[in-house]
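> Take the sequences, apply the hints, and build the full model.
Respectively, the protein sequence lines represent chains A and B. Under the numbering used here, the residues of the first sequence are numbered 1 to 559, in order. Under the numbering used here, the residues of the second sequence are numbered 1 to 163, in order.
You may find that some hints are simply not true.
Said to hold, decoys possible - Listed next, the in silico DSSO-like pairs over lysine-lysine satisfying Cα-Cα at most 30 Å (straight line):
{"#": "1", "chain 1": "A", "residue 1": "Lys14", "chain 2": "A", "residue 2": "Lys43"}
{"#": "2", "chain 1": "A", "residue 1": "Lys173", "chain 2": "B", "residue 2": "Lys69"}
{"#": "3", "chain 1": "A", "residue 1": "Lys218", "chain 2": "A", "residue 2": "Lys191"}
{"#": "4", "chain 1": "A", "residue 1": "Lys528", "chain 2": "A", "residue 2": "Lys507"}
{"#": "5", "chain 1": "B", "residue 1": "Lys65", "chain 2": "A", "residue 2": "Lys65"}
{"#": "6", "chain 1": "B", "residue 1": "Lys69", "chain 2": "A", "residue 2": "Lys218"}
{"#": "7", "chain 1": "A", "residue 1": "Lys191", "chain 2": "B", "residue 2": "Lys65"}
{"#": "8", "chain 1": "A", "residue 1": "Lys142", "chain 2": "B", "residue 2": "Lys65"}
{"#": "9", "chain 1": "A", "residue 1": "Lys172", "chain 2": "A", "residue 2": "Lys14"}
{"#": "10", "chain 1": "A", "residue 1": "Lys296", "chain 2": "B", "residue 2": "Lys69"}
{"#": "11", "chain 1": "A", "residue 1": "Lys309", "chain 2": "A", "residue 2": "Lys205"}
{"#": "12", "chain 1": "A", "residue 1": "Lys180", "chain 2": "B", "residue 2": "Lys69"}
{"#": "13", "chain 1": "A", "residue 1": "Lys180", "chain 2": "B", "residue 2": "Lys82"}
{"#": "14", "chain 1": "B", "residue 1": "Lys93", "chain 2": "B", "residue 2": "Lys114"}
{"#": "15", "chain 1": "B", "residue 1": "Lys65", "chain 2": "A", "residue 2": "Lys180"}
{"#": "16", "chain 1": "A", "residue 1": "Lys205", "chain 2": "A", "residue 2": "Lys187"}
What the hints assert, rightly or not - Just a few of them, taken from the derived set where beta-carbon distance is under 7 Å, the chain A residues facing chain B:
{"#": "17", "residue": "His127"}
{"#": "18", "residue": "Ser181"}
{"#": "19", "residue": "Thr305"}
Hints are computed from structural coordinates only; laboratory data are not their basis. Keep in mind it's a predicted model, so treat the numbers as computed, not measured. Every residue, glycine too, gets a C-beta built ideally from N, C-alpha and C.
Each chain, letter by letter, is given below.
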Amino acid sequence: MKLTGAQILLKMIKEEGIDTIFGYPGGAVIDIYDAIAKQNQVKHILVRHEQGAVHAADAYARANKSVGVALVTSGPGATNTVTGIASAHSDSIPIVIFTGQVPTGLIGNDAFQEVDTVGITRPCTKHNYLVKDINRLASTIKEAFHLASSGRPGPVLVDLPKDIMQTIIDFKKPANVSLKSYRPNYKPNKKQLTKVVELIQNAKKPVIFAGGGVILSKASEQITTLAKMANIPVTGSLMGLGAFPGSDPLWLGMLGMHGTYRANMSIGNCDLIIAAGVRFDDRVTGSIDTFAPHAKIVQIDIDPTSIHKNIKVQCPIVGDCKTALEGIIQLMGNKTFDRHSEWIGQIQEWKETTPLRYDQGGKIVKPQFVIEKLYELTKGEAIITTEVGQNQMWAAQYYHFDKPNHFITSGGLGAMGFGLPAAIGAKAACPDKLVVDVAGDGSIQMNIQELMTAVESELDVKIVILNNQYLGMVRQWQELFYDKVYSSTAMVNAPDFVKLAEAYGAKGLRCDKPDEVEATLSEGLNSKGTIVMDFIVDREESVYPMVPAGQAITEMLLV
Amino acid sequence: MKTDRYLLSILVDDEPGVLSRIAGLFSSRAFNIDSLSVANTTEPEISRITMVTRCEPHIIEQIKKQLNKLINVITVNDLTDKKYVQRQLALIKVNAQPEKRAEILRIVDIFRCKIVDVGLSHYTIEMSGNSDKHDAIISLLTPMGIIEIASTGTIALARENGR
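Okay, structure coming up:
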């Protein structure tokens, strides 16, 4: 079969089972766009900025539990993807980014729209390629998808010179990928698993700590089973929300800088942590010296570099979370386990004396109240994407995720502008789901142009702006640690989001009264089309609890 | 902070960009490279990188794991506590005025080096050995007036049972 490079690219994407890609055309990829127009197997969603394409692909991957694909042109097209790639890299999300490149004969000549894309993206991809030989094209694409989705997943970039896309060859299906230098270890060491069972048997105050790796390895069911078998309370990182049901009595809430009191206290007092798919990020550990001072730590991770990187652990397990947890559950078999009633009682006391709280008295809408109402109205069934900052933390605290793959956020990188394109990507993956972007008035403006993408592609997303006319999280730090010098964080000059929504052909709603929050949400969520809901909220509300950076996580600032 | 010297022998795919992936890893994670030497092996698609790094003991584990994580790295062999042979090659151009020539030749003889180039006013000496020998001959030749030096990083191979 004679095919052009561009046709081979689309064929290989289709072979991977990907039906939707996100992209933006340009000179170096014009042949690929010509091929896209002449087929109907892969749907292309035209974003309005290349960063949006990558965030959308990221969320598509998470919502669809598959690989996301972005396609952009050379030079500025490629450089605009870097934030999106770095975000996916931090969160280990499987995406493949195809970038156009100038023709092979011009590479290195500082040609128009030429950048060293492979050089620029090397530190923020799992791996990347420049295809210089049409005969290596198909096998490279196959390898890229394999690398992105296997082991610890991550973004892989393939740089495609224009002439390679134009060349015609006799297409042959590439062989299965076999790399002598890349064989992720999925199967954990059984001795270590036995050790975990012993540790559980001897523990008086155990805690399970679930991270993004549990969701990536589809091990939520196993985490839940393990927790129930030995009545072990569960906390999660931001990336781990939804790995364990948020409405379960054993759920402690999120851990870390804005974690719940009981989650942070549990880690501070426990004698065993079973950590799965986490990398002990500084936002979770606080000061390392005081992290879990009484605990033995089991750490399950597919990536050996995650183990002993920040925290010394007593029982490292390199392997797939799901396989490891299944192994542990099997070894626990019919053994009986202590119900840890004293420990559970202590946690209950922490929960009762110091719950997450805010006060919705008065005439000003509290942002937490909006999220609580959103949770009630959607019955916890919506896919929630977020921007970054206070909006993200309130969504994490007050929307109780029962299922994995329903909370999509830029965790490790913390990229503002993530939520809106992510909502579009999630909606493309799950058209039947309600998708809500929880945003702030600052971050929504960072990729606001994607409103056009949502409207044009009829990917109806609902945007909840918690509008406090501040870059709220930075303002909060300035309030607490910089003598209330609100340097450059007051954003009193903002567009009228209702009019802006209308300008894009979406619908805008505004609400500034607590007793209208529910009605506004209800109207917005139940209307067809893309809806922007602008909630004017308390300007100086802060996210609590808060652990000041570098302090012990048990030393929280409370409301 | 106490640092130790580690010697790593790394087999990698012989592809463009591999060296920059390794150099990038070290710079982005603030690891140090003392010396680096890269050359082909008998297998056409594989190169060997011999690297000397200095770090605290707990960092070396992370360095090895991070190297292994690179897709183009095939194996990382830590020779530090194994039996191995190591060599460093240096070319040393030294000022050789007639009255100093005999002394330079004696030093060359003692260190079992070779003169590989001679001019009216210089010798170029080839030295191979470990880094101690390298340092020793440099210190003896310095008073004669070293004009310039080119030297390689350390290369090393495990002894027969040291793999």
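> For every hint, state whether the structure bears it out.
Okay, the hints, checked on the actual structure:
1. A/Lys14 with A/Lys43: Holds, because 10 Å separates the two Cα atoms, which is no more than 30 Å.
2. A/Lys173 with B/Lys69: holds (28 Å)
3. A/Lys218 with A/Lys191: holds (23 Å)
4. A/Lys528 with A/Lys507: At roughly 9 Å apart (the allowed maximum being 30 Å), lysine 507 of chain A and lysine 528 of chain A satisfy the hint.
5. B/Lys65 with A/Lys65: holds (28 Å)
6. B/Lys69 with A/Lys218: Status holds; Cα separation ~23 Å.
7. A/Lys191 with B/Lys65: holds (22 Å)
8. A/Lys142 with B/Lys65: holds (25 Å)
9. A/Lys172 with A/Lys14: Distance of about 15 Å is within 30 Å: holds.
10. A/Lys296 with B/Lys69: Cα-Cα ~27 Å, so holds.
11. A/Lys309 with A/Lys205: With Cα atoms ~25 Å apart, lysine 309 of chain A and lysine 205 of chain A stay inside 30 Å; holds.
12. A/Lys180 with B/Lys69: holds (12 Å)
13. A/Lys180 with B/Lys82: Status holds; Cα separation ~25 Å.
14. B/Lys93 with B/Lys114: holds (12 Å)
15. B/Lys65 with A/Lys180: holds (16 Å)
16. A/Lys205 with A/Lys187: It holds: about 28 Å lies between the C-alpha atoms, which stays within 30 Å.
17. His127: Nearest chain B Cβ about 4 Å off; hint holds.
18. Ser181: This hint holds: serine 181 of chain A lies near chain B, its Cβ roughly 4 Å from the closest one there, short of 7 Å.
19. Thr305: Hint holds; threonine 305 of chain A Cβ to chain B Cβ min 4 Å, cut 7 Å.
Figure legend: structure checked against the earlier numbered hints; every hint is met.
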